[in-house]
Amino acid sequence: MLDSLKLTIPDLAALSFFLAAWAVHTLTVDGHLVRRISLTRAMNAQREAWMRTMARRELRMIDTSIMVGLQQGTAFFASSSLIAVGGCFALLGASDHVLTVLADLPFAGAASRPTFEVKVLGLIIILAYAFFKFGWSYRLFNYCSILVGAVPMQGEGMHSPSMEAAVRRATRMNVLAGKHFNAGLRAIFFSLGYLGWFVNAAVFVITTLILMAVLMRRQFFSSARQAILEPD
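Throughout the sequence shown, residue numbering follows the working numbering, covering 258 to 489 in sequence.
No lab work stands behind these hints, which were simulated from the structure alone. Please read all numbers here as calculations on a predicted model, not as lab measurements. C-beta: ideal position from N, C-alpha, C; glycine also. Misleading hints may appear alongside valid ones.
[Said to hold, decoys possible] Quick list of simulated restraints, FRET-style, between CB atoms: (1) Ala470 with Asp287: 17 to 25 Å; (2) Ile463 with Leu316: 46 to 54 Å; (3) His354 with Arg314: 55 to 63 Å.
Generate the whole structure from the sequences, applying the supplied hints.
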């Protein structure tokens with residue numbers, strides 16, 4: 258089986274470590290492994306506060322402008338992911354030239370063309386995953402805009418059960434759209450760590466560890482998190 262995959266034991270071990278690190282990061286940020294509040298969870302609370310503030314506004318041009326900005330940012334990353342996928346296919350066509358360049362890098366082993374193509378295929382899968390996450394997030398932000406429009410205006414049963422239900426629906430859709438956007442962005446970040454595999458398995462592990470350290474610091478020990486959780 259290893260021969261058919263064209264991957265060595267160190268390669269498979271490094272790839273397994275990479276996937277495990279991705280899963281651990283996702284579970285940790287979502288609050289399944291630690292109690293400390295992450296930046297993402299703190300922002301989800303702010304999303305709910307935004308929807309409740311929006312419900313009290315008579316004119317909602319500010320909210321619609323924010324939704325447009327979120328959609329534009331999501332569309333940008335979706336387009337960038339699709340372009341990157343196309344670049345990876347172009348990379349497959351220039352395999353011999355790229356292998357020559359990689360052979361000149363320090364610590365780079367002599368990789369065969371089949372092994373290189375398997376690694377590029379893995380990068381394509383990561384970027385395609387990011388594209389679909391961004392695409393679905395864009396659609397969900399569109400749905401959230403509709404739900405924002407469906408929230409009754411001020412004075413139309415301001416504290417009625419139907420008003421509260423409309424706010425909860427808009428909040429859940431907004432949080433879900435943000436969750437898929439974050440998943441796509443996480444895939445982009447991890448694709449950078451994945452590039453270390455093109456040198457060798459050891460560098461792959463090191464780039465994954467560096468990436469994990471940076472992402473964990475941003476989620477749990479950054480100034481942005483401190484600003485969000487600063488008490489009123």
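For each hint, the structure was consulted:
Restraint check, Ala470 to Asp287: a C-beta distance of roughly 19 Å satisfies the suggested window 17 to 25 Å. In this structure the supplied range 46 to 54 Å holds for Ile463 paired with Leu316, their Cβ-Cβ distance being about 53 Å. The given range of 55 to 63 Å is respected by His354 and Arg314, whose C-beta atoms sit roughly 57 Å from each other.
In summary, this structure violates none of the numbered hints.
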